[in-house]
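K.L.:
Following the hints, position chains B and C against chain A.
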Amino acid sequence: MTDSISAKPEDSTLVRVRGLTTVLNGKKVFDALDIDIPRGKITAIMGPSGTGKTTLLKHITGQMRGDAGEVLVDGQNVATLSRDKLFELRERIGYLFQNSALLTDFDVFENVAFPLRQHTELPEVLIRNIVLTKLQAVGLRGAAGLMPTELSGGMARRVALARAIVFDPMLILYDEPFVGLDPIALNQVLKLIRTLNQTLGITSVLVAHELEAIKQVADHIYLIANGKVVAQGDPKTIANDGSPWTRQFFGGDADGPVPFQYPAGDLGVSLGFPGKNA
Amino acid sequence: MSVASSENIVVRSLSQIGDCGLFLLRMIAAIPRSMRHYRETIRQLWFVGAMSLIIIMVCGLFVGMVLGLQLYDVLSIFGGTSATGTVVAIAIYRELGPVVTALLFAGRAGTSVTAEIGLMRATDQIAAMEMMAVDPIAYVAVPRFLAGVIAMPLLACVFCALGIFGGHLVGVSWLGIDNGTFWSNMTATVEVVKDVINGVLWKSIVFGIVVSLIAVFQGYTTPPTSEGVAYATTRTVVASSIAILALDFVLTAFLM
Amino acid sequence: MSQRQSYAVGTGLFIVLGFTALGYLATQTTSVANSSRGPSYTVEAHFANIGQLKERAPVKVAGVRVGQVQSIVLDPGKETADVKLAIDQRYNQIPDDSVATIFTSGLLGDQYVGLRYGTSKKTLADGGELALTRPAQQLEEMLGKFFGAGGVADNLGGSYVVKARFTNVGALSVGAPVKMAGVAIGSVQSINADPVKLDALVTLAIDKRYNQIPDDSAAAVFTSGLIGTQYVAIQPGGSPDALKNGDEMVLTQSAMQIEDLIGKFLVSGSSSGKPADGGKSDGDKH
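Protein chains in written order, with the working numbering: chain A, 1 to 278; chain B, 1 to 256; chain C, 1 to 286.
Derived by calculation from the structure, the hints in this document are not laboratory data. Heads up, the beta-carbon is just placed ideally off N, CA and C, and yes, glycines get one too. You can take every hint at face value.
When the alpha-carbon atoms are kept at most 30 Å apart in a straight line, the in silico DSS-like pairs for lysine-lysine are as follows:
| # | chain 1 | residue 1 | chain 2 | residue 2 |
| --- | --- | --- | --- | --- |
| 1 | C | 60 | B | 194 |
| 2 | C | 54 | C | 78 |
| 3 | C | 208 | C | 54 |
| 4 | A | 85 | A | 28 |
| 5 | C | 84 | B | 194 |
| 6 | C | 244 | C | 197 |
| 7 | C | 84 | C | 121 |
| 8 | C | 54 | B | 194 |
| 9 | C | 84 | C | 54 |
With the C-beta cut set under 7 Å, the calculated list includes, among others, these residues of chain C facing chain B:
| # | residue |
| --- | --- |
| 10 | 7 |
| 11 | 8 |
| 12 | 11 |
| 13 | 18 |
| 14 | 21 |
| 15 | 22 |
| 16 | 24 |
| 17 | 25 |
| 18 | 29 |
| 19 | 30 |
| 20 | 31 |
| 21 | 32 |
Okay, chain A solo, but in the shape it has when bound (with noise of 0.2 Å):
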């Protein structure tokens, strides 16, 4: 694993999607995508409900395969990884998942410690050192000892990267870290963003709606809508592009490029009225 990292020492672009095709129960959704993913900086990846970009965050993991093209992380092909080495990769990218997904089986001190438990032998004071520094950074390290069930959304997406990091991964994809949060934890999952993301250099591809929030963070957004990158930018010029879809979007009109009206047949002739009346 460290080979392809030598490999390429200069090669700025740590996860580059090519010509990705992707056809799920016959919708396409990606048609020929093109995304590239810079190191150490901050990515976010937006687009109406619906356009697959969890499903772009799967294919980088390698959870699903593309019918065509490729996705390249760190130089390596996922799609045709064993599952050995697709293992070591993913060893390497922490995921934090929309609904945390914590163990429920275990107290927050040991879900975190879960990864390191699993992949290392390390001594128990070694582990718990790790796991109460990842809990400090998130500031959790009083709740070490609560249940999943004991904690609310807030902290519970907290504790989730801290296990994300405990391995301090080189990439962090979060699954719509905003969902659900008040202000103050959104404000708070905000600081841990882009704190990681400073301190510790790990590239970020973040997946959200919130505008406003992805707005001070994201050094860079790309808009998703049909299979297709439509737009891309800094945070300051993506909306003032001036394609119907960036203006759809981020006025957030309920109709435009995306219909309002779901794909229908004719409306009088759905409620019975003779097709030349409609």
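P.N.:
The following block gives chains B and C in isolation, referenced to the frame of chain A:
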């Protein structure tokens, strides 16, 4: 319409059985990898085995007691109440012990395994493990499966021992059968291979494999919704019960 | 982690409990509890009738188990059952003139061999023989009258067929065993009612190995135990000639109705009102 839907049920059942078999193969293939999670197997053995002890012991005691009472009543018609111990032991070893234990096990441990795995899937815990480079088959499915396979024969033995105790309690302490007669008639007739090994052990090991497989499979493949988990739990009980009773007949025919 | 430790301890306790239960079931409630573990020596005993004695049945002295029945075979030449007894080595002080008797534990229980000590100074050794034996008691013999006579036989292939007439065959069915001295030597081939003589004509197929049965032997329909199935018992007679294929056994004893037997003893017996069919007609000649 009804023909189509009944065909549909047949096809669906067959594909379920096929998926279940493939899942078993996946688990067997993952057993070497799950050896590093042996602690998790021990933990699951605690949940599915030790936590089921109370219900198994209480039920075993009552089954033995009611057998003692019923058999004493019937055997007294022939003046053969001295055979009560023998018949209690044979009835418990050959049939009631393994079958009732397996049914209780499916209801107590099988459902909780299905619900637990189903909820783990619904709350993305399974996906989270995949993301933490932990194989969920090796970490979640196999330890629960192995724990069930190990726990079932042990529970059946405990059930049988308590059943004999219950029969003794009623027969000797309450109904006044001679203590020595009770035991000597039992020891004269009950055989190790035919009754304990074939009757209790083999049957309960097979039941353990089947119940655990069904429970883990249902939990692992259920749609990740609360409705899906509820259906999966029901299916675990129904499928396990049918499988236990059908296999009981087949095994009895083979092991006789 | 103490949490992990407590799971491990609890699970360990559970496993130990399970194996303890298994050990208890296997050793304390089965025949293992009876089987002799130490060395044993073998003695022979010949019984006129072993009843339902089975291999591995206990051998007891004063009610205490001292060994078990090792094998039961019928001497083809004689009408006696050759029973080998394996007796634990530690009980090597049994007098060689002890009497071996086949007892039944209770009315329905299994049969066992009981030894009653004699007065001899010599003790039984390996390969020794118990000369004095007392056969198993048939319920019918105890309650009704014993019936017997004598005869001999000749050679034929496979099995040979003899006929016997009974006034009442009770619940005897085709395929039921034919026994001599308690050992099965053949089976009932057919049971037909004779339209002229108005009795039952039973055909018995007897293994050709047992071709030395006297032709004045008696055939009786007995019941195994009190509620068991019925079988035909052959009681050897004293004639020098043996039964041949197609012979008819002259002396028969029909099935007894247990109600009749008991009714004879109990004056106010419950079955006195029952029609007395076969029970009293034991030993009718044809």
